[in-house]
Structure formats: C-alpha cells, structure tokens
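Quick mapping for you: the protein sequence lines, in order, are chains A and B.
Position 125 (the first sequence) corresponds to 200 in the working numbering; numbering is contiguous.
Position 133 (the second sequence) corresponds to 370 in the working numbering; numbering is contiguous.
The set of hints was computed from the structure by calculation and includes no laboratory data.
Note that CB positions come from ideal geometry on N, CA and C, so glycine has one too.
Treat each hint with caution, since some may be false.
Unchecked claim - Straight line, CA to CA, 20 Å or less: simulated EDC-like cross-link-like pairs of lysine to aspartate or glutamate: (1) B:287 to A:227; (2) B:242 to A:284; (3) B:276 to A:224.
To be verified - Not everything, but these chain A residues come out facing chain B in the computed CB check (under 7 Å): (4) 123; (5) 266; (6) 373.
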Amino acid sequence: MSVLTNQAAGAAEVTAEKRVKPPRPPRKMKSFYPSWFYIPAAALFIVFFAVPTFASFYFSLTRWTLFDVTFIGFDNFVQFFQEQQLLQGFINTFVYGIVTSAAKVVLGLALAILLTSQIIARGYLRSVVFFPVLVSTIGVGLTFKVLLDPFDGVVNGALAAFGIDGPGWLTDPNMALLTVAGVDIWKGVGIATLIFIAGIVAIPQDYFEAARMDGAGAWKIFTSITLPLSRPAMGTVVILSLIGGLRSFDLIWAMTKGGPGFTSDVIASVIYKQYQAGFFGLSTAGNVVLFIVVTAIMIPVSRLLNGKGDES
Amino acid sequence: MRAVKIRSTVVGLVAILLSVIVFLVPFAFIVLTAAKTPKDAAALGFTWPKEFAFFDNLVTVLTTRDGMIVRAFFNSAILTIASVAIMVVFASMVGYVLQRKRSRINGVINFFVLAGLIVPPAVVPTIWVLQGLELFKTLPGLILVEATFGLSFCVLLFRAFVASIPKELDEAAVIDGAGPIRLFFTVILPLLRPVIVTVIVVQAVAVFNDFTNPLYFLPGDENATVQLTLYNFLGSTTSASQNNLMFMDILLITIPPLVMYIFFNRQIVAGMTSGAIKG
Chain A
76 MSVLTNQAAG
86 AAEVTAEKRV
96 KPPRPPRKMK
106 SFYPSWFYIP
116 AAALFIVFFA
126 VPTFASFYFS
136 LTRWTLFDVT
146 FIGFDNFVQF
156 FQEQQLLQGF
166 INTFVYGIVT
176 SAAKVVLGLA
186 LAILLTSQII
196 ARGYLRSVVF
206 FPVLVSTIGV
216 GLTFKVLLDP
226 FDGVVNGALA
236 AFGIDGPGWL
246 TDPNMALLTV
256 AGVDIWKGVG
266 IATLIFIAGI
276 VAIPQDYFEA
286 ARMDGAGAWK
296 IFTSITLPLS
306 RPAMGTVVIL
316 SLIGGLRSFD
326 LIWAMTKGGP
336 GFTSDVIASV
346 IYKQYQAGFF
356 GLSTAGNVVL
366 FIVVTAIMIP
376 VSRLLNGKGD
386 ES
Chain B
238 MRAVKIRSTV
248 VGLVAILLSV
258 IVFLVPFAFI
268 VLTAAKTPKD
278 AAALGFTWPK
288 EFAFFDNLVT
298 VLTTRDGMIV
308 RAFFNSAILT
318 IASVAIMVVF
328 ASMVGYVLQR
338 KRSRINGVIN
348 FFVLAGLIVP
358 PAVVPTIWVL
368 QGLELFKTLP
378 GLILVEATFG
388 LSFCVLLFRA
398 FVASIPKELD
408 EAAVIDGAGP
418 IRLFFTVILP
428 LLRPVIVTVI
438 VVQAVAVFND
448 FTNPLYFLPG
458 DENATVQLTL
468 YNFLGSTTSA
478 SQNNLMFMDI
488 LLITIPPLVM
498 YIFFNRQIVA
508 GMTSGAIKG
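Produce the entire structure from the sequences given, and follow the hints as far as they go.
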C-alpha cells in the first residue's frame, strides 16, 4: 500500500516538475551548441587539405607540367616502381620509419624508467633529454653533418682517440640512411621519454609496493607492472613516431639530400626532387604512394594498439 | 639502504656524464663555432676559439643579403602569431561543440580530425589550390596552410579539455540569458586558458621550426622565413669557410624556442604528453 502511494507520489512529482520548468529539456540546450561553429575550421580544412588530397588522386594519373595536364593513366605509378632510385626511396621509407620508431620506443622507455627512479639531477636530465625536440630540425641536421664529417668531424676525431677508425657516416652508401635515422632518434627520443614518464607516473604507487612486498625483483616489476600499465603511452609513442618517421623530409634533406646517389632517399624527398624537376604528376604520384603507405601502416597499428587494451 | 643510495648516486653521475657527451656537446659546438673566425671554424674541431669573432659573425649574419635574416625573423613572427591565433579560435570552437553536442555528424568529424593528423598533405595539388586563390608565394597563403595543418592536433586537445568543464555551467549561463556566442566566448573560452596556453606554445614552436611548408609554399628570398635562411647553407657550393656564419644563424634561430621552453616548460610538457595516459 505504502509502496503504491509512494509510486503515485513519485509520478505526481515528475509531472509537477515537468509543469514547473518546461523550457529546459536537453533538446533545447542542444541549440546552444551551434553547428556553425564547425564552419570556419571546416572551410580551411576543405580548401587547403581535403580538396588537394582528393585532387592528388586525379593529378597522380596525369603528366602535369607548368603548362598543361595530360591524362596518362597509371604510368606514373609504373615508373615509380620501375625506376631504381624511386623504388629505393619507397623501401627506405619503411626502413626509416620502423628503425626510428622502434628505437624511440626502446630508448624512450629505458630513459623514462631511469628518470622516474630515485636518481640525482633528475630535473636536469629531463630537460636536457627533451631540449633537442624544440630545436630546428634543419639546424640539428646541419650541426650533425659537420660533427659527422668523415675526416675532420668531432665524432670520428673522438673515435680515433680510442683507436677506432670511424666510418664515413654520411658518405658511405650503406650507412647514410641509418646515420640520419640515428640523428632523428637523438632529436626525437625526448618526446618519447616524456610520454612514457607521464604514463609511468600515472600508475598507482600501491602496485609497485605490493609487488615489492611479494618479493618481486626489478625485472619482474618491469615486465608485469610497468610494461603492461604503460600501454597507452606506448601506443601514443608508436603512433606519433611512425607518423613522423614515414613523412620525414627535412632532416634527410639537411643532412644528405637523399645521397650519396639516392641511397638515403625516402618518398618525401623523392616528392620534392620530382617537384623541383618540374614533374608535378610524378611528384603527386609519390604523394599518393606515401598516403597509401602511411594509412596502410597506421590503421592496423592503431587498431592493434587500441583494440587490445580497449581504453577508448 | 645506504647501498641503494650509493647506487642511485653512481647511476645519476653516469647519466649526467653521458648526457653531457650526447646532448650538451653538440650545443656547445654550435656556440663555440659561432664565435670562431672562418679559418678556425673550417677546421671543424671541438676546440676553444683561437680568436673570438662572435660579434663580427653576428653583424655579418645580420647584414648579409640586405638583412635577410632580420626580415626572416619578422616574417616568421607574423606567420607564427597569425597561424596560431587562427588555430586557437577555430579549433576551440570545433572542440567545444564536438564534445558538448551529440549528433550524427560527430563520427564524420572525428574521422576527419584523425585523417588530418595522419594523412600527409599533398604538396603540388596544394600549390595548385593556392595558385587558384592567388595565395601562392604569399604570406597569407602560408598562414592559412600552417593553420589548417595544425587544426587536428588542437581540436583533440580542446575536446579533451572541454570534457573537464561541467555542463551545469553552460546551463547556468543559459538561464542567465546568455546566447550561444556569449556562452562560448565569455564563459567557456576563458576557462580554456590552460589548454590555450599549451596549444599556443606547442604550435608556435612547431610553426616557427617548420621548414617543409615554407620551402614549398613560400619560396623566394624576399619573404623567407627563418628556417629558409639556413637553406643557403645547404647548397653544395658553400664551403666549410662559412661554418662560423652558419652556426651563428643556427644559434640565432634557436633562441626563440629556447626562451619559450624556459618560460613555458610545464605547458609544453602537458601538450606533448596529452593522450599518454588515456589512449
């Protein structure tokens, strides 16, 4: 009985509430978030990003010079994969992207663990590791080009002091690409470290304490607590460094211009070279290839990284 | 306990030593070479300058090509301020509505935001669009391009931050009679200050340091940006005898990001690590 009256009272309350303040249901509130707020950004995005991207699919199928555009089908792509120097750039893009992002993950995680542990001068070390991120890429490239000079460079000079005959870092065709990748890692490891630090700091301290109580060693703590719980950070680092690495242009251009020969060319530098040479169609085909490479790698990678943890 | 302390000190000292070799030597090298005479700098050594020519080099760099670098600093300042201002206003509007309003187009917009983050811009077609709008080789054109390419990242930051502002605040403002525009610009926008500072600092450094987009969309000496002034040293014709000037140039264009870092260390870190905790 009393339940019934309560229910009735409740229903009465609801209707009363409805009657008292009708003009505030959520539907009304929605109109205070106007959709036209999207328009300024959307206009920029469409004009300077979407239109060029869609146009690139058409222009990649043309012979395009300053003067005219002729439709030639897939010839540009055929050329792209037949000419040794263009193909080399295609392969190098994968090598460069994978090497840099793998190294940034490993080194970044190692540095982050070091810099979240109890060591002296932690603040200094954090700043010094991060600072190269903010320096101009071209400046870094030119500086290391001088430091890595095969004859008079500081690096080989230091190696010679230990009796090691330093290689021609940027002049040896087998080494140039990996040397540039090394400098890229030097410049970018700071941001990976920072992201990992943020991830590790967010792990509740109780977990570490509990593990230590149970007698877990440093390695055990790393594999069963730090590593699995910094997975979101890991995902961010992998995605950011892959996006950056696959598109990388300025560091390579500053240090080798794709040389010696075309051994350190990547797709992005091929795009620039073909553009400079006036082959706009071929250059745009390079852009489309880069687009396909980046999406083909990024979609499965981000699926894999976000899927298993199921965070978002 | 004492053993742990000793070990942490030893590890710390080793880390400091390594950090000096790996990270500080290259910067010291830049500064030292910028202070050398041409002959001294051409030797490429990591040595103390035999003769200090710091001031001479500074004057030479500032006056070459009719003060190209001064003009470049001016251009870069306008480029950075204008494009970052556009990013902040446009992206905050998108991030705000995207977070607040549930609607069918949200999925589409999220897709485009991610696409903008991942897809590499198509270079020559962008030039083609700029030419059609008569914006190619103009500073306004480059400003709009830089703003567009930065939008996605900013939208993500704004959307995440708007989620932390209680919706009741909007309702209160609406009951007090605020319209949609007043609600956003006088109630929400001021509350976004922390994330706005982060966006400004991170994007300002990115735009200021950008080399690729000015190279493509704003070629030519008369409206060079600071990164393009280094381009002259990229040519194969330049010899090692200009090293001192090159490193002076590098030093000069490193100062603005350095100043940003000193003053906004925390915001930069916040911006760069956003998303590290929540995927």
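Review point. Which of the listed hints are not met by the structure?
Key: No hint contradicted; all consistent.
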